[in-house]
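These protein sequence lines are chains A and B, in that order.
Here this note's numbering is used: the first residue of the first sequence is 118, the next is one more, and so on.
Here this note's numbering is used: the first residue of the second sequence is 34, the next is one more, and so on.
In short, the hints are calculated from the structure, not lab data.
No experiment lies behind these values; they were computed from the predicted model shown.
Hints are not guaranteed to be accurate.
Dumping the calculated EDC-like pairs for lysine to aspartate or glutamate here, alpha-carbon to alpha-carbon at most 20 Å [claimed, not checked]: (1) B/93 to A/352; (2) B/167 to B/191; (3) B/92 to A/357.
A few chain B residues that face chain A, going by a derived Cβ cut-off under 10 Å, partial list only [said to hold, decoys possible]: (4) 137; (5) 146; (6) 149; (7) 161; (8) 163; (9) 187.
Idealized CB from N, CA, C, for every residue including glycine.
Take a look at the letters that make up each chain.
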Amino acid sequence: MTGSSSGQSAMGRPSEGRCPDGRSALARFGENLRRAPRELRDSMLRSGSPATDRSRSAFVFSSLFLHVHSVRVHRWSLRWSTTMGLGIAAAAAFLVTLITGVLLMFYYKPYPDVAYLSMKDIHFVVPTGRFIRNIHRWAGNVMVVLVLLHMARVFYTAAYRRPREFNWVIGMLLLVVTLGLSFTGYLLPWDQLAYWAITIGANIAQSPRELTDALGITHLFDLGGIQKLLLLGSDQVGEESLIRFYLLHVMILPLALVVLLSVHMWRVRKDGGLTRPADADLRLPPITPATYPVFTEAPQRTYHLAAVVKGRTPAVGNGPENCVPAMPHLFYAEAAVFMMTVLACLALALLRDAPLKELANPAVPENPAKAPWYFLGLQELVSYSAFMGGMGIPLVVILGLLLIPYLDREIAGTGEWFGGPGGRRVVARSAFFGLGSVILLEAFAIRFGWIRQWWPESPQLLITLINPGTVLTLLYAIFSLWAIRRFDSVRAGAMALFTCFLAGFVVLTVIGVHFRGPNWDFFWSPSDWPGH
Amino acid sequence: MTTRPLAGGNGRSRLDPEPIPRRDFLGRLAVFSSFASLAFALAGIMRLPKAAVLPSPSKKFSVKLPEAMQPGVPFVPPGRSVAIFRDEGGVYAVSTVCTHLGCIVKADAGGFKCPCHGSEFRRDGTVVRGPAPKPLPWLALAVSAGSVCTIDEGSVVESGRRARG
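Start from the sequences, fold in the hints, and give me the full structure.
What follows is the structure, encoded as structure tokens:
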């Protein structure tokens with residue numbers, strides 16, 4: 118109203134050039150210039166600086182970047198032991214790989230031989246090139262570790278339960294995409310390490326042939342051949358493969374990851390924030406005066422509409438007790454986790470260089486040719502049967518993990534570490550059983566060999582079906598069925614299975630990394646390897 | 034509105050819902066056909082990345098065999114993944130690409146050893162040890178005058194077929 122009336126009056130006296138308040142246009146210009154920075158900030162934030170309950174909420178929900186968060190967060194969610202910040206840290210590591218990866222793309226050329234030379238350039242010529250590449254490599258490794266730890270955290274706190282089942286499924290997809298990103302990145306340097314790791318990986322994609330050959334149906338349905346052809350664009354690792362891996366690494370998989378990650382975080386909020394035990398409010402310590410303002414007023418607005426839109430809206434009918442504003446509490450915690458993750462990546466990058474071996478040579482394999490460390494557990498299984506170790510067992514494990522939230526429909530222990538019937542006892546026993554059986558089985562196979570050493574003429578199908586990997590999987594499955602019976606709880610069985618697989622993964626990875634040398638023979642230490 | 038039974042008297046009112054409402058049926062049909070055509074489109078899209086012509090270099094090559102080849106001692110042409118043997122039966126070539134995961138096996142007088150996962154093969158390619166699911170394949174080979182040997186690494190022949198030479 119005032120604006121339009123003053124405009125009319127100014128139009129009435131156009132030649133005068135003065136405001137009603139009597140200041141000159143030049144004075145107003147000076148005043149506006151002085152206020153411009155603050156006005157810029159306020160217009161950027163839309164809701165002004167986050168100073169009151171209302172503006173703190175607006176700060177979150179009126180920002181494109183922050184509105185995946187809820188505006189208020191339960192005090193339980195902010196406890197260190199609830200999440201340990203693992204999910205945010207994994208996302209932070211992804212952000213680091215994204216930024217360093219784009220930087221590396223300035224110089225990297227995805228063509229055989231030239232690729233290797235451009236890696237040399239990045240390493241020796243490009244300013245900060247080696248450091249940026251080290252950060253990229255380390256952040257990728259850190260991301261894999263954090264994703265695995267995050268998954269373990271969600272599992273052991275039973276946070277996958279209703280209504281969060283589907284977010285667990287998205288999380289599994291994110292795990293697969295993360296591993297895919299690491300795997301595709303492994304080829305790009307085009308050195309010996311890369312070439313032979315990818316040759317092995319591509320032949321694992323071809324390994325269903327082991328099964329179809331044994332059944333004699335390869336000429337009808339050659340799944341393995343199609344998979345390898347799609348992955349490599351050829352029958353061996355060459356220029357076509359490099360372009361494919363590059364495209365997957367810088368385009369397809371990162372886009373998939375960003376989309377899945379957005380849905381993953383958005384679902385956290387939509388599914389009612391982080392899981393907490395039913396009696397979380399009672400177990401929290403009383404609010405100290407030092408705590409920043411805690412929401413105390415019940416919501417003014419009725420939530421009927423929200424209830425219609427989505428029956429599960431968690432705030433319906435509840436006051437905001439024990440919640441604090443996400444700004445500043447949650448965001449400061451997230452910023453701290455982010456900074457710690459970046460710091461860890463930088464420190465590791467300073468301590469140890471990313472490897473770059475000699476130029477890829479298709480005629481002479483690396484000995485031993487090892488995949489990235491997180492695939493060495495699989496490579497250990499692959500050394501008994503390519504199909505079972507590389508595809509069969511991983512598929513069973515991923516399907517099993519996907520199904521867990523739909524099989525465990527219990528309530529007890531949600532939001533508690535190792536919650537549910539049996540609790541820590543199940544986990545301790547399963548860890549013992551899991552570690553014991555994998556170590557004994559590996560020791561047996563290393564000491565006495567396996568079926569083919571005893572009866573060289575035995576058919577391949579027998580070796581594919583019965584090898585240390587499948588025997589171990591079967592033992593773990595039986596053990597978890599026992600746990601379901603013993604503790605009369607599906608959750609106990611799930612905990613047993615997850616713990617066993619975790620133990621198996623760790624032991625097999627350690628064997629693959631440390632105890633396997635040339636010809637995949639067993640050595641107590643890499644210093645015992647025969648020289649080439 | 035009256036509810037008269039339909040002609041034919043099957044006891045069903047005109048206002049009773051039909052067993053499968055026509056609208057629902059057509060709707061489902063539309064959804065199904067959409068998904069079916071998308072699936073076909075996906076299959077069509079996947080034809081592009083599935084290469085019809087393999088871009089790898091030609092696998093056919095000629096090499097002059099050394100003068101004195103001991104029976105059972107392999108000759109590996111430099112840069113090729115083939116081991117050539119000569120014995121009283123003739124000349125034959127065995128691929129040195131491991132049937133397990135594609136590493137290049139090392140040929141020696143006793144047979145072949147794979148550096149990647151420890152598979153071992155006899156001189157004729159049969160598996161002795163390790164995870165390899167199949168024997169090493171024999172390759173098509175022809176020997177012409179002056180012991181020049183032409184081998185096609187892409188063409189597998191049945192094990193045991195030797196060439197005179």
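Evaluated hints:
Restraint check for residue 93 of chain B and residue 352 of chain A: the C-alpha separation of about 15 Å stays at or below 20 Å, so the hint holds. In summary, the hint linking residue 167 of chain B to residue 191 of chain B is supported, as the alpha carbons are separated by about 13 Å, within the 20 Å threshold. For the hint pairing residue 92 of chain B with residue 357 of chain A, the CA-to-CA distance comes to about 17 Å; that is within 20 Å, so the pair holds. Contact between residue 137 of chain B and chain A, as hinted, is supported at the beta carbon level, the nearest pair being about 5 Å apart and thus within 10 Å.
Satisfaction of the interface hint for residue 146 of chain B is found here, the shortest Cβ-Cβ separation to chain A being roughly 6 Å, below the 10 Å cut-off. Of the supplied interface hints, the one on residue 149 of chain B holds, with its beta-carbon coming within about 5 Å of a beta-carbon of chain A, less than 10 Å. Proximity of residue 161 of chain B to chain A holds as hinted, the smallest CB-CB distance being about 6 Å (cut-off 10 Å). Annotation: residue 163 of chain B was flagged as interfacial toward chain A, and the flag holds, the nearest CB pair being 7 Å apart, inside 10 Å.
Using the Cβ-Cβ criterion of 10 Å, the hint placing residue 187 of chain B at the interface with chain A is satisfied: the shortest such distance is roughly 8 Å.
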